[in-house]
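**Student:** Next come the chains, spelled out residue by residue.
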Amino acid sequence: MPQPLNYLKETASQTAGPYVHIGLIPAMAGFDIFEKNFSNVLVTPNTAGERITLEGKVLDGTGTPLRDVLLEIWQANASGRYNHPADRSAGALEPEFRGWGRAGSDFDSGLVTFETIKPGAITDKAGRKCAPHINVWVVARGINIGLNTRLYFSDEEAANAADPVLNLIEQPTRRSTLIAKRSERAGKVVYSFTINLQGPEETVFFDV
Amino acid sequence: MNVQAPALRDPRLNRPEPFTPPLGDGGFFQRDRSIHPPAHAPGYKSSVLRSPRQALLSLENSVSEITGPVFGHNDLGPLDNDLIRNYAKDGDPVGERIIVHGRVLDETGRGVPNTLVEFWQANAGGRYRHKKDTYLAPIDPNFGGCGRALTDETGYYYFRTVKPGPYPWRNYVNSWRPAHIHFSVFGSGFAQRLITQMYFEGDPLIPVCPILTTIPDKDALDRLVAPLDLNASTPFDSLAYRFDIVLRGQRSTYFENRTEGN
Numbered sequence: 769m770p771q772p773l774n775y776l777k778e779t780a781s782q783t784a785g786p787y788v789h790i791g792l793i794p795a796m797a798g799f800d801i802f803e804k805n806f807s808n809v810l811v812t813p814n815t816a817g818e819r820i821t822l823e824g825k826v827l828d829g830t831g832t833p834l835r836d837v838l839l840e841i842w843q844a845n846a847s848g849r850y851n852h853p854a855d856r857s858a859g860a861l862e863p864e865f866r867g868w869g870r871a872g873s874d875f876d877s878g879l880v881t882f883e884t885i886k887p888g889a890i891t892d893k894a895g896r897k898c899a900p901h902i903n904v905w906v907v908a909r910g911i912n913i914g915l916n917t918r919l920y921f922s923d924e925e926a927a928n929a930a931d932p933v934l935n936l937i938e939q940p941t942r943r944s945t946l947i948a949k950r951s952e953r954a955g956k957v958v959y960s961f962t963i964n965l966q967g968p969e970e971t972v973f974f975d976v
Numbered sequence: 010m011n012v013q014a015p016a017l018r019d020p021r022l023n024r025p026e027p028f029t030p031p032l033g034d035g036g037f038f039q040r041d042r043s044i045h046p047p048a049h050a051p052g053y054k055s056s057v058l059r060s061p062r063q064a065l066l067s068l069e070n071s072v073s074e075i076t077g078p079v080f081g082h083n084d085l086g087p088l089d090n091d092l093i094r095n096y097a098k099d100g101d102p103v104g105e106r107i108i109v110h111g112r113v114l115d116e117t118g119r120g121v122p123n124t125l126v127e128f129w130q131a132n133a134g135g136r137y138r139h140k141k142d143t144y145l146a147p148i149d150p151n152f153g154g155c156g157r158a159l160t161d162e163t164g165y166y167y168f169r170t171v172k173p174g175p176y177p178w179r180n181y182v183n184s185w186r187p188a189h190i191h192f193s194v195f196g197s198g199f200a201q202r203l204i205t206q207m208y209f210e211g212d213p214l215i216p217v218c219p220i221l222t223t224i225p226d227k228d229a230l231d232r233l234v235a236p237l238d239l240n241a242s243t244p245f246d247s248l249a250y251r252f253d254i255v256l257r258g259q260r261s262t263y264f265e266n267r268t269e270g271n
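Top to bottom, those sequences are chains A and B. First residue of the first sequence? That's 769 in the numbering used here, and the numbers climb one at a time after it. First residue of the second sequence? That's 10 in the numbering used here, and the numbers climb one at a time after it.
Treat the hints with caution; some may be incorrect.
Restricting the straight-line Cα-Cα distance to at most 27 Å, the calculated cross-link-like pairs of lysine-lysine (DSS-like) are [what the hints assert, rightly or not]: (1) B:Lys-141 with B:Lys-227; (2) B:Lys-140 with A:Lys-804; (3) B:Lys-172 with B:Lys-140; (4) B:Lys-141 with B:Lys-172; (5) A:Lys-949 with A:Lys-886; (6) A:Lys-777 with A:Lys-886; (7) A:Lys-886 with A:Lys-956; (8) A:Lys-897 with A:Lys-949; (9) A:Lys-825 with A:Lys-956; (10) A:Lys-886 with A:Lys-897; (11) B:Lys-98 with B:Lys-54; (12) A:Lys-825 with A:Lys-886; (13) B:Lys-141 with A:Lys-825; (14) B:Lys-98 with B:Lys-140; (15) B:Lys-141 with B:Lys-54; (16) A:Lys-804 with B:Lys-54; (17) B:Lys-227 with B:Lys-54; (18) A:Lys-804 with A:Lys-897; (19) B:Lys-98 with A:Lys-804; (20) B:Lys-54 with A:Lys-825; (21) B:Lys-98 with A:Lys-777; (22) B:Lys-140 with B:Lys-227; (23) A:Lys-825 with B:Lys-140; (24) B:Lys-227 with A:Lys-804.
Some chain B residues close to chain A (C-beta under 7 Å, calculated; not the full set) [to be verified]: (25) Gly-35; (26) Arg-59; (27) Leu-66; (28) Ser-71; (29) Ile-108; (30) Glu-116; (31) Tyr-137; (32) Val-182; (33) Ser-184; (34) Ala-229; (35) Leu-239; (36) Ser-242.
Not close to chain B: a few residues of chain A, all C-beta gaps over 10 Å, as computed [claimed, not checked]: (37) Pro-772; (38) Asp-828; (39) Thr-941; (40) Thr-962.
None of these hints come from the bench; they were simulated from the model. From the three backbone atoms N, C-alpha and C, an ideal C-beta is built for every residue, glycine too.
Bound conformation, chain A alone (with noise of 0.2 Å):
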């Protein structure tokens, strides 16, 4: 026999549940406990960069929005730089901005929003250039392990074009399902994406 390795197992995933909110938004649950509480606005009036609302929906096999669906995002600054120590890439470090937020799908019309600021581009380890993105996790009833997913932004095509995640998947009709499209509305930038869980335009998801 070799010697053990000794590894321990990760621990299983189980669904959100319908009633994610009572842990992690519970003003959607219809409740107030807690001092401070997280939310779907990542932006302070002193963070860098532009101004944009994401505004979505995730639709089951049917094409119905899930209306008690949780997702949160994970993004760099607007110098491209994750607030995080494992990230010692060049650009400026804003203590103020975390990055990170979560917000629950509307129990009427399962619209998704966060309000935020478009990131800049990233440098992975091989020194290229990552076109500006945004990480997202989407966790709801009868989904049984988080799903990893991103979104682009139209309006960056030559970055987009040139991203090494973009370019690894295969069929270019895929890639579109990670594009939010940038429209404005009333003077504010609005980035519009869709989560289909299935079907003909299965959004891509990543096993990271």
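Since the structure of chain A is already known, use the hints to place chain B on it.
**Tutor:** Relative to chain A, chain B alone:
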């Protein structure tokens, strides 16, 4: 005898760089999906229309995956880990008083320090304080049913609560959830993000739960069951259950908040 010309020197050797130690690049161990429930698990009916059918695209971890949000004590309030008191209006909530404690570790066995752990549950009667829960068991006016804690430098966390009750749900006409507490854990990078549920030793509903039995691996299922821990119970006050959570291992050497040698 032929004399061979000397081989041309590889130009990369002119500027040698030290290579990264084998566990030093900050990436996470590849996730072993055989111990997780599959996305499409027909016995849990809600998964049928909510499960991706295409293969997941495997990504080498980049800075986007090995980083993740950092939380601190400033994010929490003093009663956040005390579900017996954090929503009490005119007394303590009804139910068996329990302590839940354990460590958040990674697959290498290291504690994961300063990471946010969030938990939520039904009350002792199996009713959630949620506007969408219509089960006939009553809301407890003194129980919210959620809390959170930050692990200490060794990965240890603890909270106290009342033991949640089982409850019926619409899957089959007579499906019941075993008593459970939901857990959300962050880890140090976004690729470690995990939501799971803790169950209680000896619960006869465990082997017949359509959600628990989505887990294909018996040992993985058993690791979600917290044993009674009499050593940690408070005499004449609360029983205790022990629940360790293991996140993906990290090929890490450099975090500022880890002690030297990690």
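**Student:** Now, for every hint given, state plainly whether the structure supports it.
**Tutor:** How the hints compare with the structure:
Taking the CA atoms of Lys-141 of chain B and Lys-227 of chain B, the gap is near 33 Å; set against the 27 Å cutoff, the hint is violated. This hinted pair checks out: Lys-140 of chain B and Lys-804 of chain A have alpha carbons roughly 21 Å apart, not beyond 27 Å. Of the supplied pair hints, the one linking Lys-172 of chain B and Lys-140 of chain B holds, its CA atoms being roughly 21 Å apart against a limit of 27 Å. At most 27 Å may separate the alpha-carbon atoms for a hinted pair to count; Lys-141 of chain B and Lys-172 of chain B meet this at roughly 21 Å.
For a cut-off of 27 Å, the pair hint linking Lys-949 of chain A to Lys-886 of chain A stands: about 13 Å separates their Cα positions. Among the hinted pairs, Lys-777 of chain A with Lys-886 of chain A is inconsistent with the structure: their alpha-carbon atoms are about 37 Å apart, more than 27 Å. Taking the CA atoms of Lys-886 of chain A and Lys-956 of chain A, the gap is near 13 Å; set against the 27 Å cutoff, the hint holds. This hinted pair checks out: Lys-897 of chain A and Lys-949 of chain A have alpha carbons roughly 21 Å apart, not beyond 27 Å.
Under the criterion of a C-alpha separation no larger than 27 Å, the hint pairing Lys-825 of chain A with Lys-956 of chain A is consistent with the structure, at around 19 Å. A hinted pair counts as satisfied when its Cα atoms are at most 27 Å apart, and Lys-886 of chain A with Lys-897 of chain A qualifies at roughly 16 Å. Between the alpha carbons of Lys-98 of chain B and Lys-54 of chain B the distance comes to roughly 38 Å, so the proposed pair goes past 27 Å and is violated. Of the supplied pair hints, the one linking Lys-825 of chain A and Lys-886 of chain A holds, its CA atoms being roughly 19 Å apart against a limit of 27 Å.
At most 27 Å may separate the alpha-carbon atoms for a hinted pair to count; Lys-141 of chain B and Lys-825 of chain A meet this at roughly 20 Å. Annotation: proposed proximity of Lys-98 of chain B to Lys-140 of chain B holds, straight-line Cα distance about 19 Å (limit 27 Å). Pair hint Lys-141 of chain B plus Lys-54 of chain B holds up; C-alpha atoms about 19 Å apart against a cutoff of 27 Å. For the hint linking Lys-804 of chain A to Lys-54 of chain B, the alpha-carbon distance of about 36 Å lies beyond 27 Å, and the restraint is violated.
Among the hinted pairs, Lys-227 of chain B with Lys-54 of chain B is consistent with the structure: their alpha-carbon atoms are about 21 Å apart, no more than 27 Å. A C-alpha spacing of about 37 Å is found between Lys-804 of chain A and Lys-897 of chain A, which places the hinted pair above 27 Å, so the restraint is violated. The straight-line distance between the Cα atoms of Lys-98 of chain B and Lys-804 of chain A is roughly 19 Å, inside the 27 Å bound, and the hint therefore holds. For a cut-off of 27 Å, the pair hint linking Lys-54 of chain B to Lys-825 of chain A stands: about 21 Å separates their Cα positions.
The hinted pair formed by Lys-98 of chain B and Lys-777 of chain A fails the criterion: a straight-line CA distance of about 41 Å is larger than 27 Å. For the hint linking Lys-140 of chain B to Lys-227 of chain B, the alpha-carbon distance of about 35 Å lies beyond 27 Å, and the restraint is violated. Taking the CA atoms of Lys-825 of chain A and Lys-140 of chain B, the gap is about 21 Å. The hint holds against a cut of 27 Å. With a C-alpha separation of about 39 Å, the suggested pair Lys-227 of chain B and Lys-804 of chain A falls outside the 27 Å cut-off, and the hint is violated.
Using the Cβ-Cβ criterion of 7 Å, the hint placing Gly-35 of chain B at the interface with chain A is satisfied: the shortest such distance is roughly 5 Å. Interface hint status for Arg-59 of chain B: upheld, as the beta-carbon distance to the closest one in chain A is roughly 4 Å, under 7 Å. Annotation: interface hint on Leu-66 of chain B holds; nearest CB of chain A at approximately 5 Å, less than 7 Å. The interface hint given for Ser-71 of chain B is met, as the beta carbon of that residue sits about 5 Å from the closest beta carbon of chain A, less than 7 Å.
With a cut of 7 Å, the hint placing Ile-108 of chain B at the interface with chain A is violated, because the nearest CB-to-CB distance is about 18 Å. Interface hint at Glu-116 of chain B: satisfied, since its Cβ lies 5 Å from the closest Cβ of chain A, which is below the 7 Å cut-off. Residue-level restraint check for Tyr-137 of chain B holds (minimum Cβ-Cβ distance to chain A is 5 Å; threshold 7 Å). This hint is violated: Val-182 of chain B has a C-beta 18 Å from the nearest C-beta of chain A, more than the 7 Å allowed.
Hint status for Ser-184 of chain B relative to chain A: violated, with the closest Cβ pair at about 13 Å, above 7 Å. A cut of 7 Å between beta carbons decides the hint on Ala-229 of chain B: the least distance to chain A is about 4 Å, and the hint holds. Among the interface hints, the one on Leu-239 of chain B is violated; its C-beta lies about 23 Å from the nearest C-beta in chain A, farther than the 7 Å criterion. Violation of the interface hint for Ser-242 of chain B is found here, the shortest Cβ-Cβ separation to chain A being roughly 23 Å, above the 7 Å cut-off.
Even its closest Cβ contact with chain B, about 13 Å, leaves Pro-772 of chain A beyond 10 Å, as expected for a residue assigned away from the interface. With a minimum CB-CB distance of about 4 Å to chain B, Asp-828 of chain A fails to clear the 10 Å threshold, and the non-interface call is violated. Taking the minimum C-beta to C-beta distance to chain B, about 12 Å, the non-interface status of Thr-941 of chain A holds against the 10 Å cut. Look at Thr-962 of chain A: its CB is around 14 Å from the nearest CB on chain B, clear of 10 Å, so calling it non-interface holds up.
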